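Participant: Protein chains in written order, with numbering that gives the first Met the number 0: chain A, 0 to 331; chain B, 0 to 269.
Take these hints with a grain of salt, some might be off.
FRET-style restraints, in silico, Cβ to Cβ [what the hints assert, rightly or not]:
| # | chain 1 | residue 1 | chain 2 | residue 2 | range |
| --- | --- | --- | --- | --- | --- |
| 1 | B | N180 | A | P19 | 38 to 46 Å |
| 2 | A | L309 | B | R36 | 53 to 61 Å |
| 3 | A | E200 | B | L19 | 30 to 38 Å |
| 4 | A | E199 | B | R15 | 24 to 32 Å |
| 5 | B | L19 | A | T151 | 27 to 35 Å |
| 6 | A | P19 | B | G18 | 25 to 33 Å |
| 7 | A | P19 | B | R113 | 24 to 32 Å |
| 8 | A | G142 | B | R21 | 29 to 37 Å |
In case anyone wonders, no lab produced these hints; they're calculated from the structure.
Only a predicted model underlies this, so the values are computations on that prediction, with no experimental measurement involved.
All C-beta atoms in this analysis are idealised placements derived from N, C-alpha and C, irrespective of residue type, glycine included.
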Amino acid sequence: MGIDTIAVRPPAAPAAGAGPAVTAEGLVRTFDGAAAVHGLDLEVAAGEIYGFLGPNGAGKSTTVRVLCTLLAPTAGRATVAGHDVASEPGLVRLRIGAALQDAALDPRQTGAELLRLQGRLYGLSHGEIDRRLAELRRLVDIGDAFERRIGTYSGGMRRRLDLAAALVHDPDVLFLDEPTTGLDPVGRARVWEEVRALNEELGTTIFLTTQYLEEADALAHRVGIINAGRLVAEGTPAELKRSVGTDVIVARVDGDTGAARAAVAGVAGVTGVDARGAELVVSAADGAAAVGPVAVALDGCGVPVRDITLRTPTLDDVFLELTGTHITEDER
Amino acid sequence: MTATTLTVPRAAVEPRRAGLARDVVAIAGRALRALPREPEAIIPPVFIAVFFFVVNIATLQRLTEHSIEGFDYKAFMMATGVLLGVTGVSRAPSLVLDVQNGYLDRLLLTPVSRLAILLGHMLADVAVAAALTIPVLAVGSVLGVRFAAGPLGIVAFMVLASLWSLAFAGFAYAIALKTGNPAAVNTSFLLFFPFLFLTSSYVPRSQLGGWLHAVAAWNPCTYLLEGLRSVTMRGWDWGSLAGALAAIAGVGAVSMALCFAALRGRLRQA
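Make the full structure from the sequences, and use the hints.
Facilitator: Pasting the structure below:
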């Protein structure tokens, strides 16, 4: 299965009828008076993969750390698996697993030792730990390295072991904080498969933060877009893209984008023009009808055009529409 | 690329709180398992203890035994050698690494008792300190040192040394939890010098002159050394042993108060 195939496969629907796995009401977390999370409201259904999308510094990791009980909320309320994160953190910890942004592993232990200790701290018996290790060994799929010290692992192996550590106790809700950051495309595809398998086969609710648009698009049943600590939009990827309401024509030009922008802005059917470096991003209600006149207008203003493409909106277009900025440079 | 087909069977496991005792043992077990992989944590204290024990005997035995009738300098120095080895031995640097590489967060995500994270490391420290006394006791035995209090005196000696090691380690844990900085943890070693040198480490307190004699009277290590030496040189001297325990309790009360305050502070940051 190729990566592209993974990307276009639609996520399965969450289980119907179950109560919310995660809720937040007016959640605030400040650091030295500065709000990293500012009045966040959200609800994630049991069995859902919820994509929490936003640029670096948007408040994604802070939100996850509050929901995982690693940070106390400054104000507001949050529940996970039906328990309040502030007043019942111990009960929350029993129901959740988390793989944080940087794989939180002890390089001096072996993979097997680390998972065994995890099992003991969750009160599992030796028999239960042995059984879980046998199962997770398959998920981790790192062969004999399981008995080697974690310090010798590659980045991908560490990520997979971190995921296994989060799963030892069979959590109801799994938090994955940017699980594929730093991984190569093969490693990323592998994590996507694991996330899908966990959700589809075990029914695990997954709260996934990411700054990769295609990741949220491919995996999440619903996506929440966070910017500057606030949830600015929420819905299925299709709903969010539909909310932009237009097709997108992207023209890569050489020369004066200002002149090109002015020329295209007057074309019939064009609803917006944005210059991003050497790219002219043109919004049009009917892209197929507008692409010809846009090309003619560009030709007419004397700006050389390298290529011109027509596409449907992406989550980055949604983010741009909502915030006026892009999520990441490399997502352009 | 061919993706692996993943089938993750749902295991019938029910996570639950393991309980403080089981948590402490689990954390201590991890700390002790790491030791054979970190010889740098064990070899220097053993070397320091044995080196000073042997070299100080060679340097001062004749002088002291000529000056004080019936004085056994080898038995006297064994307590100093052990304290030089076990003072400052702790898993605090390992705890700092846990803070730095995020593993402490992995632990805090579990239902483990927060107290157990600290107590587990300390339990491991006590075991390590007890083990560290063995080479010095062995060298002492080879040199002809005998315990006036008999075999149980050896046990008392090891217990006192280990408890002292733990009391002193509290300072290192306090700095580790407060700063999360390995260089800062090493500064706890600065306390080593006044504790172990402004006292009767090398000659009996009666032989200390002027200001040092006065300072030694206020140094808890003076009473600790007297307690340790009592079981090697005099037998069961309950007054000396009580003084040693009181000294350990006093230092431990301060260091543990700092260390548990630092733990609360780190958890409150969260």
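Participant: Each hint should be assessed against the structure and marked as holding or not.
Facilitator: Each hint tested on the structure:
About 41 Å separates the C-beta atoms of N180(B) and P19(A), a value consistent with the hinted range of 38 to 46 Å. Against the hinted window of 53 to 61 Å, the Cβ-Cβ separation of L309(A) and R36(B) comes to about 59 Å, which satisfies the hint. The hint said 30 to 38 Å for the Cβ distance between E200(A) and L19(B), and at roughly 35 Å that hint holds. Distance hint for E199(A) and R15(B): a CB-CB separation of about 27 Å, consistent with the stated range 24 to 32 Å.
For L19(B) paired with T151(A), a C-beta distance near 34 Å keeps the hint of 27 to 35 Å intact. Taking the beta carbon of each, P19(A) and G18(B) are about 31 Å apart, inside 25 to 33 Å as hinted. Evaluation of the 24 to 32 Å hint for P19(A) and R113(B) yields a pass: the beta carbon distance comes to about 28 Å. Roughly 31 Å separates the CB atoms of G142(A) and R21(B), a value that falls within the hinted 29 to 37 Å.
Figure legend: structure checked against the earlier numbered hints; every hint is met.
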